[in-house]
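Peer 1: Here the protein sequences come in this chain order: C and E.
At the far end of the first sequence sits residue 526, using the numbering used here, and the numbering has no gaps.
At the far end of the second sequence sits residue 1052, using the numbering used here, and the numbering has no gaps.
A hint or two may mislead.
The calculated lysine to any residue pairs, modelled on SDA-like cross-linking and capped at a C-alpha distance of 20 Å, are [to be verified]: (1) K975/E - S920/E; (2) K119/C - P634/E; (3) K865/E - R356/C; (4) K128/C - R699/E; (5) K1009/E - F955/E; (6) K181/C - R427/C; (7) K128/C - F703/E; (8) K707/E - P61/C; (9) K473/C - R182/C; (10) K928/E - W911/E.
It is worth saying that the hints were derived from the structure and are not from the lab.
2 protein chains.
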Amino acid sequence: MTDNTSNSSRPRVLSGMRPTGRLHLGNYMGALYNWVRLQHDYECYFFIADYHALTTDYADPSLLKQNIFEVALDFLSAGLDPEKCTIFVQSHVPQHAELHLLLSMITPVSWLERVPTYKDQQEQLREKDLATYGFLGYPLLQSADILAYQPDFVPVGQDQVSHVELTREVARRFNYFYSPKRVVSGEGSAVITEPDPDHLLLPEPQVLLTPSPKLPGTDGRKMSKSYGNSILLSATPTEVAYKMQSMTNGGQRPTADVPGDPDICPVGDMHRLFSSEQVLTQITTGCRTAAIRCDECKLLAANSINHHLAPIRERREELEDNPNKVWEVLYLGRIEAEKRAEQTMQAVRAVTGLSRDRSGVRLERAASSVQDAEDARNLSSFKHWWDSPAPLLSRNLRELWKRDLVPTGTPLKPDADGVWITQNNRRIFVATATQSNGNESWNFSVKPKSYEMLVLLCWGSDYRLRDFVVPQKLYLAQWVAAKKQAGKNNIEFSVKHEGGKYVLNLPGASGIDVTATEAGYQILGD
Amino acid sequence: MTDNTSNSSRPRVLSGMRPTGRLHLGNYMGALYNWVRLQHDYECYFFIADYHALTTDYADPSLLKQNIFEVALDFLSAGLDPEKCTIFVQSHVPQHAELHLLLSMITPVSWLERVPTYKDQQEQLREKDLATYGFLGYPLLQSADILAYQPDFVPVGQDQVSHVELTREVARRFNYFYSPKRVVSGEGSAVITEPDPDHLLLPEPQVLLTPSPKLPGTDGRKMSKSYGNSILLSATPTEVAYKMQSMTNGGQRPTADVPGDPDICPVGDMHRLFSSEQVLTQITTGCRTAAIRCDECKLLAANSINHHLAPIRERREELEDNPNKVWEVLYLGRIEAEKRAEQTMQAVRAVTGLSRDRSGVRLERAASSVQDAEDARNLSSFKHWWDSPAPLLSRNLRELWKRDLVPTGTPLKPDADGVWITQNNRRIFVATATQSNGNESWNFSVKPKSYEMLVLLCWGSDYRLRDFVVPQKLYLAQWVAAKKQAGKNNIEFSVKHEGGKYVLNLPGASGIDVTATEAGYQILGD
Chain C
1 MTDNTSNSSR
11 PRVLSGMRPT
21 GRLHLGNYMG
31 ALYNWVRLQH
41 DYECYFFIAD
51 YHALTTDYAD
61 PSLLKQNIFE
71 VALDFLSAGL
81 DPEKCTIFVQ
91 SHVPQHAELH
101 LLLSMITPVS
111 WLERVPTYKD
121 QQEQLREKDL
131 ATYGFLGYPL
141 LQSADILAYQ
151 PDFVPVGQDQ
161 VSHVELTREV
171 ARRFNYFYSP
181 KRVVSGEGSA
191 VITEPDPDHL
201 LLPEPQVLLT
211 PSPKLPGTDG
221 RKMSKSYGNS
231 ILLSATPTEV
241 AYKMQSMTNG
251 GQRPTADVPG
261 DPDICPVGDM
271 HRLFSSEQVL
281 TQITTGCRTA
291 AIRCDECKLL
301 AANSINHHLA
311 PIRERREELE
321 DNPNKVWEVL
331 YLGRIEAEKR
341 AEQTMQAVRA
351 VTGLSRDRSG
361 VRLERAASSV
371 QDAEDARNLS
381 SFKHWWDSPA
391 PLLSRNLREL
401 WKRDLVPTGT
411 PLKPDADGVW
421 ITQNNRRIFV
431 ATATQSNGNE
441 SWNFSVKPKS
451 YEMLVLLCWG
461 SDYRLRDFVV
471 PQKLYLAQWV
481 AAKKQAGKNN
491 IEFSVKHEGG
501 KYVLNLPGAS
511 GIDVTATEAG
521 YQILGD
Chain E
527 MTDNTSNSSR
537 PRVLSGMRPT
547 GRLHLGNYMG
557 ALYNWVRLQH
567 DYECYFFIAD
577 YHALTTDYAD
587 PSLLKQNIFE
597 VALDFLSAGL
607 DPEKCTIFVQ
617 SHVPQHAELH
627 LLLSMITPVS
637 WLERVPTYKD
647 QQEQLREKDL
657 ATYGFLGYPL
667 LQSADILAYQ
677 PDFVPVGQDQ
687 VSHVELTREV
697 ARRFNYFYSP
707 KRVVSGEGSA
717 VITEPDPDHL
727 LLPEPQVLLT
737 PSPKLPGTDG
747 RKMSKSYGNS
757 ILLSATPTEV
767 AYKMQSMTNG
777 GQRPTADVPG
787 DPDICPVGDM
797 HRLFSSEQVL
807 TQITTGCRTA
817 AIRCDECKLL
827 AANSINHHLA
837 PIRERREELE
847 DNPNKVWEVL
857 YLGRIEAEKR
867 AEQTMQAVRA
877 VTGLSRDRSG
887 VRLERAASSV
897 QDAEDARNLS
907 SFKHWWDSPA
917 PLLSRNLREL
927 WKRDLVPTGT
937 PLKPDADGVW
947 ITQNNRRIFV
957 ATATQSNGNE
967 SWNFSVKPKS
977 YEMLVLLCWG
987 SDYRLRDFVV
997 PQKLYLAQWV
1007 AAKKQAGKNN
1017 IEFSVKHEGG
1027 KYVLNLPGAS
1037 GIDVTATEAG
1047 YQILGD
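Hey, can you work out the whole structure from these sequences and the hints?
Peer 2: See the structure below:
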């Protein structure tokens, strides 16, 4: 699945951020700064997780819309380039809610209850009532956010690893139920299968651990909006200088002539993140020898931060002059994201019975239509085909079958090697044979490959076509054995009509009764 | 909300059915038969609840697609007329999943755990693992199914009443958080409000209890697919006759000459539902006097059922000749349903901060734009308006304000009585006044109606416009009092600039400081 549906040769990456308002330097260095770097090497989807904001702040969403805009502005200012990555708002892409609902069907409540952040957050945010169905489902919504894009990697900080782990578990369970299977061991009724790793519907994404460097707030604790110790990414140079002056030095240097240690100083942390080697050496030596005052050191840190923020401010000013640009980016990003997510959903709907077309539906036909189908099976007007060269005969029978016998609602796409692909992306091989002797017996010769369905067209000496649509589960184990045995040669097998049954005989295996699969078009849509 | 958005003058009705395969006479008489009657008098939405099928049958959805088709065929055969009602498949309308996710934010887990069917079904379907998040959320999905259409009534049998009750609770909670409020009592800071019943976002639907007559299966128990005692709506006349012959008579009449009691006989139940008065009298008398044999009585019942099913069979045959018609109905129904559900969702998104346009977003403008706005407030080039007739002046000021001062992303629609409607459906009134004397004081005269926002345009003798965008919560209590006092007259009030503040003086109330609302365009999008 991954191979077929990738829009790009670069590995795919997806990450999101809650719209909590204007971002501060902590948010920036913890995520956005890394994202800007990722966009050059990965196919990136970055989204603003507005539904997630509602899981905790449903009681007052009055700031949500504004916060979405502010975060989008910060994304673009920080250097996310809509030409290089897809930026969108979660709720604008309906596939997130749809996949969330579908995954909810297979996800045990207990998996959600044991996510570590579930109880933690309920404790931490006691003033909010978080005993809601939505809050319980929050990590599952994250799984849907991720899996809708079938990404290879999810860049997260250490604190989010457990959520990606849940995502992988959910994907595994989904694949267990719905992905195409391959044989692991055993044969016949003792066969053990597993989801075919080459055709997983929801591949398990890997964690891409991103550096989240120590970025202190002005009070020395972790920078956080709720602590009131943050410096905004959109702060003016003066604001940055002012905030930095108010930053603690960790309680060192009671007077300017007492030396200090920049390694245990929050201002030192800022230098290590933002200052050049030269400035870093200057303040390190200066601090340890009391040759520099703290206010001087803080001014140098502010200068370094402002130097880093200069191009970000420039982009922000451009956008403030043209705020419609932000909405345009979100609008175009939504279209792009929807396209990718819809690709996943079409495959997901197909295997869960929710595809929106006619595929896979069988009409118990009225007598007249049954007669039509019977007529189509009578090939007496094509007697002249009987002695055609094998490839030509095969081609003709296949096309005739497809045209006159396959119901119109079940389109088949040609693929390489004479394989056809059903609407649900199953590979089917249509093999043909004419009756080889007086007995009703047909000999086939087929390339030793894997097919998710076999169609056997048996043309009898009565000029009537018998058509068997055989699902993989009936022949998988024997086929695997026959493939191994055949090596590079074709697999030779037969269908025989004996004792009122049609029996498929694969080499080295006991016969498989395929009588019930005659005219089994309904499974073409499965 | 209901009044504004109704597409029809008929009360709206919504109901759904799980696609469990071809319907039997029990399904038919319990729901479909009633729906066919409702479609003439109500604006009806009927859907096939495929997501709900997955809540219990997620482990094997292989029959789902076929079952959807069979149920649609049964719907149409039974007489649901796509010209009269909207027929669609739940999963085809993404608004169901979207509203489900949004409602999940506000719904306590405990509400779902205590739905009577939750534990019951887990008990009854022990062979299935129903400890899933999706199964827990199943009644909430039903609430979303219903509320997305803002129906007046939900036709259900007695067993579903508790689900509609949950739906009403969820709607109430949603309205509590997000619907516009009105004052119940108190004033000032002691004011008590409630969701305005005339402007509820999700009106609480009423249960429309539909008759579910006693319809026995062939073994005398309730007709049910899982008991194997059912007669399909699509059964042939012969099948009906055959099934009826196998029906129990409740263990009466060991021999044909022993009389019986049709009132305690399952075959009697069938007669009471399907037979004419004449036949009913015939079998009642015949049974009590042993003048009719059971097999004769059963044949008469089969005849009555077949008579009832004749037009249904005729419609089915037509559809079987043209199965694309079924998909066309579902496709067109989906478009119709989506249109109605999207109407609800736009209102829902607007109040939860998820609207997809720019409305309500404020850009902290760069200096140049602030200057532009200041320029727009300088009306010295419109000095000649000062002495215009009041209505003309008012009109000009209102239009100028809307054109030059309201941010472009905040469109206002005109409504009756000079009221404008914001994108989030709030009624705002823009009142104008010119400075009335040497002091900075403006006198207003406004119709005694309810507005969800007041905009006060105060043109000063310095030719500068002061514009106050006042949210209802600031003036609601005093306004209600002033309205009462004014009776049919206009409410007369003033805005005064005194002590550095702008104060709104409503009759009989203390002044309201509106200084902070100057240029408060951001709330126009709230």
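Peer 1: Which hints from the list above does the structure break, by number from lowest to highest?
Peer 2: Going through the list in order, the structure violates no hint and respects every one.
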